[in-house]
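Whole structure, please, built from the sequences with the hints as guidance.
In the order they appear, the protein sequences are chains A and B. Heads up, the first sequence is in my numbering, so the first residue is 1 and it goes up one at a time. Heads up, the second sequence is in my numbering, so the first residue is 244 and it goes up one at a time.
Please keep in mind that the hints were generated in silico from the structure rather than gathered at the bench. One or more of the hints may lead you astray.
From chain A, some residues computed to sit far from chain B (all C-beta separations above 12 Å) [to be verified]:
| no. | residue |
| --- | --- |
| 1 | 49 |
| 2 | 63 |
| 3 | 65 |
| 4 | 73 |
| 5 | 83 |
| 6 | 90 |
| 7 | 136 |
| 8 | 163 |
| 9 | 167 |
| 10 | 175 |
| 11 | 185 |
| 12 | 219 |
| 13 | 235 |
Some chain B residues judged to face chain A by a derived CB distance under 10 Å, without partners named [what the hints assert, rightly or not]:
| no. | residue |
| --- | --- |
| 14 | 390 |
| 15 | 393 |
| 16 | 414 |
| 17 | 416 |
| 18 | 418 |
Heads up, the beta-carbon is just placed ideally off N, CA and C, and yes, glycines get one too.
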Amino acid sequence: MEALTSRLEALLADNSIFTLQTLGYYGEGLVTTVQLVFLSLVIGLVMAVPLAIGRGSRHRWISLPIFLYCYVFRGTPLLVQLYLIYYGVVFVEGIQDTWLWVILEKPFVPALIAFTLNTAAYTTEIFRGAIKATARGEIEAARAYGMSHGLMLRRIVLPSAFRRALPAYGNEVIFMLHASAIASVVTIMDLTGAARFVYARFYAPFDAFLFVAAIYLCLTFAILYFFRWLERRLLAHLKPAGG
Amino acid sequence: MQLHKILSIGVFGAALVAGSASAEVRDIRIGVDVPYEPMEYRTPDGELTGFDIDLGNALCAEIGIDCEWVVQGWDGIIPGLMARKYDAIMSSMTINEQRREQVLFSEPYITPPSAWFAPGDAEIGTPSEETLEGLTIGVQRGTLQDNYVTDLYGDVADVNRYATADDMVLDMDSGRLDAVFLDFPIGKSTLLDSDAGDYKVVGKKITEPKEYFGEGFGIAFRKRDEALAETFNEALAELKANGTYDEIHARYFGEE
Numbered sequence: 001m002e003a004l005t006s007r008l009e010a011l012l013a014d015n016s017i018f019t020l021q022t023l024g025y026y027g028e029g030l031v032t033t034v035q036l037v038f039l040s041l042v043i044g045l046v047m048a049v050p051l052a053i054g055r056g057s058r059h060r061w062i063s064l065p066i067f068l069y070c071y072v073f074r075g076t077p078l079l080v081q082l083y084l085i086y087y088g089v090v091f092v093e094g095i096q097d098t099w100l101w102v103i104l105e106k107p108f109v110p111a112l113i114a115f116t117l118n119t120a121a122y123t124t125e126i127f128r129g130a131i132k133a134t135a136r137g138e139i140e141a142a143r144a145y146g147m148s149h150g151l152m153l154r155r156i157v158l159p160s161a162f163r164r165a166l167p168a169y170g171n172e173v174i175f176m177l178h179a180s181a182i183a184s185v186v187t188i189m190d191l192t193g194a195a196r197f198v199y200a201r202f203y204a205p206f207d208a209f210l211f212v213a214a215i216y217l218c219l220t221f222a223i224l225y226f227f228r229w230l231e232r233r234l235l236a237h238l239k240p241a242g243g
Numbered sequence: 244m245q246l247h248k249i250l251s252i253g254v255f256g257a258a259l260v261a262g263s264a265s266a267e268v269r270d271i272r273i274g275v276d277v278p279y280e281p282m283e284y285r286t287p288d289g290e291l292t293g294f295d296i297d298l299g300n301a302l303c304a305e306i307g308i309d310c311e312w313v314v315q316g317w318d319g320i321i322p323g324l325m326a327r328k329y330d331a332i333m334s335s336m337t338i339n340e341q342r343r344e345q346v347l348f349s350e351p352y353i354t355p356p357s358a359w360f361a362p363g364d365a366e367i368g369t370p371s372e373e374t375l376e377g378l379t380i381g382v383q384r385g386t387l388q389d390n391y392v393t394d395l396y397g398d399v400a401d402v403n404r405y406a407t408a409d410d411m412v413l414d415m416d417s418g419r420l421d422a423v424f425l426d427f428p429i430g431k432s433t434l435l436d437s438d439a440g441d442y443k444v445v446g447k448k449i450t451e452p453k454e455y456f457g458e459g460f461g462i463a464f465r466k467r468d469e470a471l472a473e474t475f476n477e478a479l480a481e482l483k484a485n486g487t488y489d490e491i492h493a494r495y496f497g498e499e
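Right under this line is the structure:
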């Protein structure tokens, strides 16, 4: 490790911008970005499945609130949502004295909440579309077998809906990664935050942002290949025979 | 003959002394760009006032000359000096290398200070690595204050960087920040003088080291007017010694 550090140091010896210190900032930024995006996607996904089922419910008191939630969060910019949550919570009278403040004081949790609510709204709509596109015949067959509504959802509707939703969801994951770049406006040192810091410090916009763009590009490719692999596995049965 | 020679040398010498003296202490004109509060601005009835103006007038009074202020837009302020529209510039001009190639600067007469601000009930001692450990500090991204705090306290404290001072004040109000490090006049107007809440300055105002806070503001002269610059430097030292400088400083920036 030490040998590696000193080799790296020698390599960077005549570079005034990319020193061990600034690379450290980028490294921390990478960890923060991945944490933020990964957590919000996982929580958002878990939220989106019941919401998508509820969105298609015949009972208006279930489907209408979910529709409104999706409408609001898809209809306003994520940046505005982030501002409202980060700066909005402090206007709740006396919040500083409650246990909530412990988690809302630092910018990470407010940003996580904003990102999660946003991605959950989009994912709900993706899943709802996929559920709705279930072939009529499959549902009729399930009913003919005497399956209950829950069993039918679990065995027939959701598995095929997830498969259909996969390409669109892969897009949502990439969008979320790119949208996370706004986290730095509430002082989070994510990848973009690190780039903005290096830019401001060395007045080197091109170096700072090109480097961070390359990192985002690598992350995007990793996501892309993961979903391609997933599609190959899960959608194998939809391929033309012998292909 | 002998006497005459001595006399003539004496007269010549006296003339020389008088001549050089008058070259140094002739009345001068000073260029200034207004408004730039509180350094130079106009009162409602059009009178020039401000820290630069008062200090400049005090310097001229100390030297014993009359000074006339010439208002000149900032982008033409150095060309105006070269073109002899005035003989000096006293207009919040930061001393730096590029300007030094064109003009001759006096000693810096003020360095815009930065200061630590914290909530009124905060118990932070004189800011240091120990007293700031574990605290969350706000700065404006990319400012000299950011560089200073990052280099000195980045390892012991959390540094939150904001795009604007307004965002920072909002987070200070909500209790997210334990302290902020700001340009003193900005902190004074946004935190101390506003109804944002109860805030105080922690520790002394900070103007050192130069690598972060710059060399300060200087009076600019034409390069050949070395004697004039020297006269102003001496007068400035005298005003600092006899308390006049502190009195003018307090008039615009409050007590230390």
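These are the hints, each one checked on the structure:
| no. | hint | result |
| --- | --- | --- |
| 1 | 49 | holds (34 Å) |
| 2 | 63 | holds (37 Å) |
| 3 | 65 | holds (30 Å) |
| 4 | 73 | holds (23 Å) |
| 5 | 83 | violated (10 Å) |
| 6 | 90 | violated (3 Å) |
| 7 | 136 | holds (53 Å) |
| 8 | 163 | holds (43 Å) |
| 9 | 167 | holds (37 Å) |
| 10 | 175 | holds (24 Å) |
| 11 | 185 | violated (7 Å) |
| 12 | 219 | holds (23 Å) |
| 13 | 235 | holds (44 Å) |
| 14 | 390 | holds (7 Å) |
| 15 | 393 | holds (8 Å) |
| 16 | 414 | holds (8 Å) |
| 17 | 416 | holds (7 Å) |
| 18 | 418 | holds (5 Å) |
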